[in-house]
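Asks: Below are the chains, spelled out letter by letter.
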Amino acid sequence: MYENIAQNKAKTVAIMIGFIAFITLVGLAIGYYIDWRYGVSNNYSILIMVIAFILAIIMSFSSYYYSDRIVLGLTKAMPLSRAENPRVYYMTEGLSIAAGIPMPKIYVVRDTGMNAFTTGRNPQKSILVFTQGILDNLNDEELKGVISHELSHIKNYDILLGTVIVVLVGMVSIISNIMFRSMIFGGGRRRSSKSSGGGILSLILLIVGILLILLSPIIATLIRLAVSRNREYLADSTGALISRYPAGLANALKKISVNSEVQTANSATAHLFIANPIGSKSKAIFKGLFNTHPPTEERIRRLENMSLGIGVK
Amino acid sequence: MLTGVTILLVVIGAIVLIMIFAVIGIYNSMVSLRNKVNNSWHQIDVQLRKRYDLIPNLVETVKGYAKHERETLQNVINARKLGIDAKDVKDQAKAENMISGALKSLFAVSENYPNLKADQHFTKLMEQLNGIESNIAFARQFYNDMVMQFNTRIQTFPGNMFARIFNFTAKDYFEIEEATARGPVKVKF
Numbered sequence: 000m001y002e003n004i005a006q007n008k009a010k011t012v013a014i015m016i017g018f019i020a021f022i023t024l025v026g027l028a029i030g031y032y033i034d035w036r037y038g039v040s041n042n043y044s045i046l047i048m049v050i051a052f053i054l055a056i057i058m059s060f061s062s063y064y065y066s067d068r069i070v071l072g073l074t075k076a077m078p079l080s081r082a083e084n085p086r087v088y089y090m091t092e093g094l095s096i097a098a099g100i101p102m103p104k105i106y107v108v109r110d111t112g113m114n115a116f117t118t119g120r121n122p123q124k125s126i127l128v129f130t131q132g133i134l135d136n137l138n139d140e141e142l143k144g145v146i147s148h149e150l151s152h153i154k155n156y157d158i159l160l161g162t163v164i165v166v167l168v169g170m171v172s173i174i175s176n177i178m179f180r181s182m183i184f185g186g187g188r189r190r191s192s193k194s195s196g197g198g199i200l201s202l203i204l205l206i207v208g209i210l211l212i213l214l215s216p217i218i219a220t221l222i223r224l225a226v227s228r229n230r231e232y233l234a235d236s237t238g239a240l241i242s243r244y245p246a247g248l249a250n251a252l253k254k255i256s257v258n259s260e261v262q263t264a265n266s267a268t269a270h271l272f273i274a275n276p277i278g279s280k281s282k283a284i285f286k287g288l289f290n291t292h293p294p295t296e297e298r299i300r301r302l303e304n305m306s307l308g309i310g311v312k
Numbered sequence: 000m001l002t003g004v005t006i007l008l009v010v011i012g013a014i015v016l017i018m019i020f021a022v023i024g025i026y027n028s029m030v031s032l033r034n035k036v037n038n039s040w041h042q043i044d045v046q047l048r049k050r051y052d053l054i055p056n057l058v059e060t061v062k063g064y065a066k067h068e069r070e071t072l073q074n075v076i077n078a079r080k081l082g083i084d085a086k087d088v089k090d091q092a093k094a095e096n097m098i099s100g101a102l103k104s105l106f107a108v109s110e111n112y113p114n115l116k117a118d119q120h121f122t123k124l125m126e127q128l129n130g131i132e133s134n135i136a137f138a139r140q141f142y143n144d145m146v147m148q149f150n151t152r153i154q155t156f157p158g159n160m161f162a163r164i165f166n167f168t169a170k171d172y173f174e175i176e177e178a179t180a181r182g183p184v185k186v187k188f
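Protein sequence lines, in the order shown, are assigned to chains X and E.
End of the first sequence sits at 312 in numbering that gives the first Met the number 0; the numbers just go up one at a time, nothing left out.
End of the second sequence sits at 188 in numbering that gives the first Met the number 0; the numbers just go up one at a time, nothing left out.
Okay, chain X solo, but in the shape it has when bound:
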């Protein structure tokens, strides 16, 4: 348990450093590109790199403090009052006592798909988000299973890593997308390629930059995968330890898998959810390879093993 927490914090720092390095390199590449294309001296590349470096530092620190709000905004989650749904409040209150963490704030996404996720930077500032669909369709035991799963994400500090990834890795995806497009459509008329001093160095840097930009969407996806798959299994089993009723979550996953689609989710936030929130219709070829969630059948199988057959439907 405590190893996981330390690991998650270390990984968060690593992601931040990686992000700063990436943005700085992109700045350098842009600078060199400008030098190379317009034949000016190398001053631009250094200047842009420094600006990019400072921006990246500001962005990664603010992502630590504000990414939960960004995530809530992206998914269009709204606060849920105790009066509107006392049931989920009672359950969350009890289970967070059992988990030994403070009671998280509760938000809701008005969507009929059944899903849930957590965000925030530590257990004291955590937010638990349900879709309307999951609140309406699960019975008490199933919903308790889902809540315990989410509470164990909070307890393990998965929420910090997951939330920071949404913002930083998301930003990398966006930047590389823009760069990629502008490289394809914006290239062409270079003015004086001969006159740029240290031509080989800038060429190498340019190639590295282009490679980085080309690869970064894949790297971004791989990072999301690396953090989410095993974490789901771990949260399933820790969750079972909190609720003392593995079959609850197993039955919930069975129900959820019928319709876990959330309209406001996208590839940047998908890894936060308890079940894959993105429709299964699209992107056929690499689907299995780039799944952010382990196969539901396998998760259910493991939970049912834990339950010793008690309460399994």
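Hints in this document: simulated from the structure, not taken from any laboratory.
Pairs of lysine-lysine residues, derived as DSBU-like cross-links and limited to a Cα-Cα distance of at most 35 Å, are as follows:
1) LYS312/X <-> LYS116/E
2) LYS103/E <-> LYS312/X
3) LYS254/X <-> LYS123/E
4) LYS104/X <-> LYS170/E
5) LYS170/E <-> LYS124/X
6) LYS35/E <-> LYS104/X
Facing chain X, a subset of chain E residues (Cβ under 7 Å, in silico):
7) GLY130
8) ASN134
9) PHE141
Glycine included, each C-beta is placed from N, C-alpha and C at the ideal position.
Let chain X serve as the given structure and place chain E on it in line with the hints.
Replies: The following block gives chain E in isolation, referenced to the frame of chain X:
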């Protein structure tokens, strides 16, 4: 110049230092576990207070409709008093089990009074008490987990050596002692 004596002294010094740090580590981990136990006990306590606060309210409400159930009501009040006066975990656990039992029979009795069951105030109190009851169960689970961790630490090697020196004693579990919860369920027709 390094003589054999100084080397020996340095080695002994290093070993002593390592041992001191090890003892400090063990001591600190035992203290932090004990604090966790105390904190988790506090979690139970919070829930128990909530229940104590609701009971007089409940008793008043029931009195209004069911005057003849004096005995059942008195049981609830007595159990509450026992709970408030309890000094240690064992007494507290016993009192809480009594309260839970007394409340259960009160709810059973209330089945005979349709007007009481229809009372909005009463249904709201019932709902709150049920919520607290399950919170107590969760808090008890967390507390018992912590007690187990703490007891294991001070009863296994090397913790047991230092537990005695530093005066750490095993904590009591918060146990269910209700006969009905333990024994086999009897069904009568």
